[in-house]
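Engineer: Given next are the chains, with one letter for each unit.
There are 2 protein chains.
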Amino acid sequence: MGKLVECVPNFSEGQRPEVIAAIVNEVKNVPGVSLLNVNSDASHNRTVVTFVGEPQAAKQAAFKACAKAAELIDLEQHKGEHPRIGATDVIPFIPVSDITMEECVELANELGREIGEKLNIPVYMYEAAAKTPARVKLPDVRKGEYEGLKTAIATPERKPDYGPARMPSAGATVVGARQFLIAYNINLSTSDVSIAKKIATSIREAKGGYKYCRAMGVMIEDRNMAQVTINMVDYTGTPLHRVFETVKSEAARYGVNVIGSEIVGMVPLQALIDTADFYLRFEGFDRKQVLEENLR
Amino acid sequence: MGKLVECVPNFSEGQRPEVIAAIVNEVKNVPGVSLLNVNSDASHNRTVVTFVGEPQAAKQAAFKACAKAAELIDLEQHKGEHPRIGATDVIPFIPVSDITMEECVELANELGREIGEKLNIPVYMYEAAAKTPARVKLPDVRKGEYEGLKTAIATPERKPDYGPARMPSAGATVVGARQFLIAYNINLSTSDVSIAKKIATSIREAKGGYKYCRAMGVMIEDRNMAQVTINMVDYTGTPLHRVFETVKSEAARYGVNVIGSEIVGMVPLQALIDTADFYLRFEGFDRKQVLEENLR
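Protein chains in written order, with our numbering: chain A, 1 to 296; chain B, 1001 to 1296.
Treat the hints with care, as some may be off.
As the list claims (entries may be wrong) - List of simulated lysine to any residue pairs, SDA-like, C-alpha gap at most 20 Å: (1) B/LYS1288 with A/GLU110; (2) A/LYS248 with B/HIS1241; (3) A/LYS28 with A/SER43; (4) B/LYS1288 with A/ALA183; (5) B/LYS1068 with B/ILE1020; (6) A/LYS68 with A/LEU35; (7) A/LYS248 with B/LYS1288; (8) A/LYS64 with A/VAL38; (9) B/LYS1028 with A/LEU295; (10) A/LYS248 with B/ILE1020; (11) A/LYS248 with B/PHE1278.
Hints are computed from structural coordinates only; laboratory data are not their basis. Owing to the predicted nature of the structure, the values given are computational and were not obtained by experimental measurement.
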C-alpha cells in the first residue's frame, strides 16, 4: 500500500444534522478518502470526523470540509461546552503507514497556507507543525477562545501563521500533525480505586513516568473494578507492551493482578506488530511479512 | 475487506523458464488476484506459485494455470526429485480473511469438478476437502506417483473424485483446502543441538506435543546456535504464543534461554493479533479495530 494519513478535523457544530451532513459529504465525495467515524456531541456542540486517505486526497477533503463549515457555521451564534476558536476548530494529520511525521508536517503547512489564502481564515500551526514552542499545545493556541481571540489576534504574539490577522465569522483554525492516539484501559483485580490511581501516577509523564503516557485511575462501577485509563499519545515512543508490563509490575506491589486490557476504538497495525515483536522476541521481522500487507 | 483466500498451486516444471512464465501469466492476468511469490527448483523440476485473491477470482486463476500446465507439460517426459502425479500436481486453498475452512472446501470442490469435467484431468480431493480418510494426506494420494497411478487409477480404491478414471499425459491433480502454514524458528542461547532436539520432541504432535506443530532441533552453524525449527500447520488450533512459551519453559529446564524467534516468509495478520491479544490480555478485541482493516 502507498502513503496513508489519518485526519481528524473537529467542527463547531453538534446540533444541526443538516449542517453536519453537508460537512461530512465534502469528505465523502473526495476519491481516495475513506470515512471512518463521525461523532457529534450536542452539549459540546461539536463534531469530530475521522477519515484516512492518500496524503493529497486527505488534504483536499480537509480543505473542502473547512470551506463548507466556514459557509454554514457562524461563531457569533455558536455556544457549547467545549472550547473552540473556529467553525473548523482543529485539523490534525496523523501518519498511518509509509509516511513520516515530517511529511505530515509539510502536508499540514500546505493545507494551512491554502485555508489562509483561499478562504481568508486565520490559521495557527500546532503540535509537530508548531512554528514556536508557545503554539505546540492546543489549549495555548485556543486561549481566550473565539471571543477573546477577536481582539488578541491583532497583537504580535497571536499573529496567525497563515491568513489574515483579523477574525471572520468562521473564526480561526488550528492545523497540525501529531502521532496516532491509542485509548487504552488496563483492568485490575481490585475494587480499590486508590490502587489504580497510584499506578496511574507511576506511569504518567507528569509524575515522572513515560513521556508519551497520560493516565488516570478510575472506578468502573458496573464491574466493581478499578481501572487505569490511558491515552498513549505516541506508541512509537512509549509502546503498549512497556506500559502494560509496568502496570502489571506496579499492581503486583499491591497484591493485585491485571485481569485484562482494552483498546478503545482504533489501533494502528504497527502497534500490534510491535507487541508481537516484543513478546515473541522477533529477529528481523519486516512488516511486509504480514500477508495482508501485500494486498493493498 | 472482503473474503480472501490464498492459493499455492505446485507445477511439475522447474527448468523451462518460458513454460513457467506462461503458467504464471495465466494467474497474473486474472483481475482480483495478487501474485505473491514464484519459487522454481530445477532439481525438483517443480514450481510453487503463491497468490491471493477473492475466492471466485482465485478459483479462475487456478483453473487457467492448470489448463496451461496441461497444455505445456508432458508427464511422460518429466523427471525430478520431488514426488508428483501431474502437470499441476497439487492446488491447496487457504483461508486468509473473512472466510471459513468450509467455504474453502466448497471452493476446492468447485475447482476439482471444473478441472475434471472441462480439462478431462482426474482430480483427487485432499486435506480438509478429502472425501475419505485415506485421501487426507498428500503422500497417500500421490502414492506410486504418475507412473504407478497410470494403472492403479483403474482400481476402485484409486478412483478419482472428479474427472475420468484414466491418466492423460498431464497426469492427475490433487485439490484441497488447508490452514495457512507458518514457518517459525526459535533460537536458543546454546550451541548444544541435543537440547534443541529434546525441546522439539516436547512440542511436536508425533511425540505427544501440540497437535498442529511439526518441529525439529537443528544447528545454525554460522551463528553457532541451536534452533528449534517449527511448522505451525494450523495457528488457529495451536497458536504461536503457546509454542513460544512452552519452548521457553522447556529451555529453562536446561538452563538455556530463548534469544529470539523468526517468522520465515508470510504470517497472517490474525496470528499477530492473537499474539497481542494473549500477552496484553485483551478483552473483546475486534479485528476491525485495526485501523488498516478499514481501508481495504
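Engineer: With reference to the structure, classify each hint as holding or not holding.
Structural biologist: Outcome of the hint check:
1. Annotation: proposed proximity of B/LYS1288 to A/GLU110 is violated, straight-line Cα distance about 32 Å (limit 20 Å).
2. Among the hinted pairs, A/LYS248 with B/HIS1241 is consistent with the structure: their alpha-carbon atoms are about 19 Å apart, no more than 20 Å.
3. Between A/LYS28 and A/SER43 the alpha-carbon distance is near 25 Å, which puts this suggested pair outside the 20 Å criterion.
4. A hinted pair counts as satisfied when its Cα atoms are at most 20 Å apart, and B/LYS1288 with A/ALA183 qualifies at roughly 15 Å.
5. Simply put, B/LYS1068 and B/ILE1020 have alpha-carbon atoms about 10 Å apart, close enough for the 20 Å limit, and the pair holds.
6. Distance restraint check for A/LYS68 and A/LEU35: the Cα-Cα separation of roughly 17 Å lies within the 20 Å cut-off, and the hinted pair is therefore satisfied.
7. This hinted pair does not check out: A/LYS248 and B/LYS1288 have alpha carbons roughly 27 Å apart, beyond 20 Å.
8. Proximity of A/LYS64 to A/VAL38 is assessed by CA-CA distance (about 16 Å); at most 20 Å being required, the pair is judged to hold.
9. Of the pairs offered as hints, the one joining B/LYS1028 and A/LEU295 holds, with about 14 Å between alpha carbons and a cut-off of 20 Å not exceeded.
10. With a C-alpha separation of about 55 Å, the suggested pair A/LYS248 and B/ILE1020 falls outside the 20 Å cut-off, and the hint is violated.
11. Among the hinted pairs, A/LYS248 with B/PHE1278 is consistent with the structure: their alpha-carbon atoms are about 14 Å apart, no more than 20 Å.
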